[in-house]
Amino acid sequence: MRSFFVLALVGSLGFLAGCGSSGTPAGIPITISLSPTSATVNANGVVNVVATVANDSTNAGVSWTLSGVGTLSNQTTTSVTYTAPATVTTTSVATVVATSKASSAVTASLPITVSPAGTIANVVPISVNGGPLTTANPPSIYANGVFVSVQICAPSGACQTIPDVLVDTGSVGFRVLASQLNSQVMTGLQPFTDGSGNTLYNCIQFADNSFLWGTVAPATIVLGGETATSTSVQVIATPSFTIPSGCTGTNEDTQQTLSANGILGIGAEPFDCGAACDQVANPQGPIPLVYYFCSSGGTCNATYVPCGQLCEGQSAPDYQVTNPVFNFATDNNGVIVELPALQPAGSSAEATVNGQLVFGIGTQSNNALPSTATVLNLDTSDSFTTNFASQSLTGSFIDSGSNGLFFPDPALAGSICPGTDSSWYCPTSTLTGLSATNVGATGSPSNTVTFSVDNFETVTAANPTDAAFSNLAGPNTGGFDWGLPFFYGRNVFTAIDGTTVGNTPGPFFAY
Amino acid sequence: MKLNSQISLSHASWMTIVLLMLALSLPALAALGGDVSSVQEDKAQMKGTLKTTESDAYTVHEITAAGNTIVKEYVSPAGKVFAITWHGQFIPNMQQLLGTYFDQYAQAAKEQRESHPGRHPLNIQQSGLVVQSGGHMRSYTGRAYVPDMVPQGVNVDALQ
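Heads up: the protein sequence lines correspond to chains A and B, in order. Oh and the first sequence: position 392 is 392 in our numbering, straight run, nothing missing. Oh and the second sequence: position 73 is 73 in our numbering, straight run, nothing missing.
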């Protein structure tokens, strides 16, 4: 009975999103499809757009509107020409919207990324700058957090650039605080529904007992010149009802509690839940407590949500919160996080560190995987092995979203910081020359990494306005968590599961 | 050996049903620090399957929940759950697993976050409660125990 109910809900979800219409009279609804489905142009660039209208007995076609930069010309009921401005100084998204003349509720939109000539499309700047609370009163600095600006566009065409978004290669999907969105974008982001008045929500729990709760809505994500269309994102906001008991911990629904305006999850997977949340891939259940359909009154039921061809082995939609990089038209097999070493050489603290995030691996002249790189293949948990202090740590990983190096070390068991700092090591003096060997999950290749451990309390107190610390470390259970300090002075590659880099299948980490 | 394990599993299934029926009519019991019967509460809550193994020092109740998340509850000869470990795609329901210790855990986690913003694995080390929780999206690992309840001679760091 229960599974039938859930099946019906997901079926409805697929139907609604598939036809993309609402408010049409009974009968077969009118639909509009546009070609192309996305486009990228420079100054003076031209895009010819064609609309195909189905089930319109009046054959009235569409009318055209534009939001954002540029102009429309040569308008007919089935086509239009978009022209970018002659001068483009910053990258933005223009959205061409087609509206059915027979039924004004039926629309389709085409996001066009407009970039200055000569823009390197697959690079955006990133910064270890302390995050958004650096200017708060009192100021609060996010140590070893790397931040980026992300442009989000609603299907309505409303766009907004969100600064201070945490770059996280340890999670998947774009999650943004509703409180940071302007009213046009917020209104334009329409969450998925099941056709019975229930809205799709997502609960993501993190290891530090925090969780994010919010609706799931399709959006266009723009990073530099790269565009991910129809990509599910999580809009973080506390609902008017009680959050289900399966979603427990500290709710991080404000800038103050999240210490960021959002999280850009660009890890080694395409989907935040994947097969476990897909009914075709996991028919036996139980349904994970990750996605819920909730009524306006707050009755929530865990639900399956499909995650497309990769999950089901057959053509299927993907409504799960999805890695935006995976949905780029090009450069979509992974990312490189490039951060320089702290300056001057040998420093353990620095005010800010600026670097870049590069999209794609081996797809352009600027993102080749060097032949000298260590390419760590991963197990089914996206982990490799780190040999350290006579321990074989099989659950090891590289994660820009962890703000230190975290590993079990019997020799440091007595050097745990006191009180509320007990997630960090506080050795009496800096430990230098520690080494650990990373080994691919299949047993090769291997590479030895050396690192140091500062006293967390001493170094952060001595450098109260600095955001970057190269020797912060703490205890961990399970594997070696190579967090942001590992990234300083390295180009770190994260390749996505289900894609390939040359002949090498993802997922992998490389450096 | 195989026959034995089948018998004990089948026995466990019957016990599960009986205890589940009992549990439904009783208030929820805490898992960590609670009686062995609280394991059934956790199993029911997680819609999981249960396997039990015994050693000299303790009994392990292993629950496999959604996403193949494996939760192990370690029960002392005194019949108390003295430690819990987890490993898998999802973090188990900590409120259910930690029971009366959950508030202490949540408060400690919150205080750590408020003293220094930033995301990282958690190590809570108090005289009455130790919780270690780490991993990344789609792979989480952790351990919680009550130091005073750990049977003599058991190395909690070796529990996985």
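Because the hints were derived from the structure by calculation, they are not lab data. No residue lacks a Cβ here, since even glycine has one placed at the ideal position from N, Cα and C. Check before you lean on any hint, since a few could be wrong.
What the hints assert, rightly or not - List time: in silico SDA-like cross-link candidates among lysine to any residue, alpha-carbon distance up to 20 Å:
{"#": "1", "chain 1": "B", "residue 1": "Lys47", "chain 2": "A", "residue 2": "Gln279"}
{"#": "2", "chain 1": "B", "residue 1": "Lys80", "chain 2": "B", "residue 2": "Leu129"}
{"#": "3", "chain 1": "A", "residue 1": "Lys101", "chain 2": "A", "residue 2": "Ser35"}
{"#": "4", "chain 1": "B", "residue 1": "Lys110", "chain 2": "A", "residue 2": "Gln284"}
{"#": "5", "chain 1": "A", "residue 1": "Lys101", "chain 2": "A", "residue 2": "Leu133"}
{"#": "6", "chain 1": "B", "residue 1": "Lys51", "chain 2": "B", "residue 2": "Asp148"}
{"#": "7", "chain 1": "B", "residue 1": "Lys47", "chain 2": "A", "residue 2": "Pro138"}
{"#": "8", "chain 1": "B", "residue 1": "Lys51", "chain 2": "A", "residue 2": "Ser73"}
{"#": "9", "chain 1": "B", "residue 1": "Lys47", "chain 2": "B", "residue 2": "Lys110"}
{"#": "10", "chain 1": "B", "residue 1": "Lys47", "chain 2": "A", "residue 2": "Thr257"}
{"#": "11", "chain 1": "B", "residue 1": "Lys110", "chain 2": "A", "residue 2": "Ala237"}
{"#": "12", "chain 1": "B", "residue 1": "Lys80", "chain 2": "B", "residue 2": "Thr53"}
{"#": "13", "chain 1": "B", "residue 1": "Lys72", "chain 2": "A", "residue 2": "Gln255"}
{"#": "14", "chain 1": "B", "residue 1": "Lys110", "chain 2": "A", "residue 2": "Thr450"}
{"#": "15", "chain 1": "B", "residue 1": "Lys72", "chain 2": "A", "residue 2": "Gln256"}
{"#": "16", "chain 1": "B", "residue 1": "Lys110", "chain 2": "B", "residue 2": "Val130"}
{"#": "17", "chain 1": "B", "residue 1": "Lys110", "chain 2": "A", "residue 2": "Pro286"}
{"#": "18", "chain 1": "B", "residue 1": "Lys47", "chain 2": "B", "residue 2": "Gly79"}
{"#": "19", "chain 1": "B", "residue 1": "Lys51", "chain 2": "B", "residue 2": "Ser37"}
{"#": "20", "chain 1": "B", "residue 1": "Lys110", "chain 2": "A", "residue 2": "Ser73"}
{"#": "21", "chain 1": "B", "residue 1": "Lys110", "chain 2": "A", "residue 2": "Cys417"}
{"#": "22", "chain 1": "B", "residue 1": "Lys110", "chain 2": "A", "residue 2": "Lys101"}
{"#": "23", "chain 1": "B", "residue 1": "Lys72", "chain 2": "B", "residue 2": "Thr100"}
{"#": "24", "chain 1": "B", "residue 1": "Lys51", "chain 2": "B", "residue 2": "Ala106"}
{"#": "25", "chain 1": "B", "residue 1": "Lys47", "chain 2": "A", "residue 2": "Pro286"}
{"#": "26", "chain 1": "B", "residue 1": "Lys110", "chain 2": "A", "residue 2": "Thr420"}
{"#": "27", "chain 1": "B", "residue 1": "Lys110", "chain 2": "A", "residue 2": "Ser35"}
{"#": "28", "chain 1": "B", "residue 1": "Lys110", "chain 2": "A", "residue 2": "Gln279"}
{"#": "29", "chain 1": "B", "residue 1": "Lys110", "chain 2": "A", "residue 2": "Asp56"}
Unchecked claim - Sample of chain A residues lacking proximity to chain B, with all beta carbon distances greater than 12 Å (derived):
{"#": "30", "residue": "Ile141"}
{"#": "31", "residue": "Asn182"}
{"#": "32", "residue": "Cys294"}
{"#": "33", "residue": "Gln309"}
{"#": "34", "residue": "Ile416"}
Results for each hint:
1. B/Lys47 - A/Gln279: It holds: about 16 Å lies between the C-alpha atoms, which stays within 20 Å.
2. B/Lys80 - B/Leu129: holds, 15 Å
3. A/Lys101 - A/Ser35: holds, 18 Å
4. B/Lys110 - A/Gln284: Between B/Lys110 and A/Gln284 the Cα gap is close to 36 Å, so the pair fails against 20 Å, i.e. violated.
5. A/Lys101 - A/Leu133: Cα-Cα ~48 Å, so violated.
6. B/Lys51 - B/Asp148: violated, 26 Å
7. B/Lys47 - A/Pro138: violated, 45 Å
8. B/Lys51 - A/Ser73: Violated: B/Lys51 and A/Ser73 sit about 69 Å apart, past 20 Å.
9. B/Lys47 - B/Lys110: violated, 29 Å
10. B/Lys47 - A/Thr257: violated, 32 Å
11. B/Lys110 - A/Ala237: Roughly 19 Å between the alpha carbons, so the hint for B/Lys110 and A/Ala237 holds.
12. B/Lys80 - B/Thr53: holds, 15 Å
13. B/Lys72 - A/Gln255: violated, 36 Å
14. B/Lys110 - A/Thr450: Distance ~32 Å between B/Lys110 and A/Thr450 Cα, so the pair is violated.
15. B/Lys72 - A/Gln256: Judged against 20 Å, a Cα distance of about 35 Å means the pair is violated.
16. B/Lys110 - B/Val130: This hinted pair holds, its Cα atoms lying about 15 Å apart.
17. B/Lys110 - A/Pro286: violated, 30 Å
18. B/Lys47 - B/Gly79: violated, 23 Å
19. B/Lys51 - B/Ser37: holds, 14 Å
20. B/Lys110 - A/Ser73: Status violated; Cα separation ~56 Å.
21. B/Lys110 - A/Cys417: holds, 17 Å
22. B/Lys110 - A/Lys101: violated, 54 Å
23. B/Lys72 - B/Thr100: holds, 18 Å
24. B/Lys51 - B/Ala106: violated, 29 Å
25. B/Lys47 - A/Pro286: This hinted pair holds, its Cα atoms lying about 7 Å apart.
26. B/Lys110 - A/Thr420: Between B/Lys110 and A/Thr420 the Cα gap is close to 9 Å, so the pair holds against 20 Å.
27. B/Lys110 - A/Ser35: violated, 50 Å
28. B/Lys110 - A/Gln279: Not OK: B/Lys110 and A/Gln279 at ~35 Å, beyond 20 Å, violated.
29. B/Lys110 - A/Asp56: violated, 56 Å
30. Ile141: Nearest chain B Cβ is 7 Å from A/Ile141, so the label is violated.
31. Asn182: Check passes; 25 Å lies beyond 12 Å.
32. Cys294: holds, 18 Å
33. Gln309: Given a closest Cβ separation of 19 Å, the condition holds.
34. Ile416: The assertion about A/Ile416 is violated, with a minimum of 6 Å to chain B.
Of the numbered hints stated above, those contradicted by the structure are hints 4, 5, 6, 7, 8, 9, 10, 13, 14, 15, 17, 18, 20, 22, 24, 27, 28, 29, 30 and 34, listed in ascending order.
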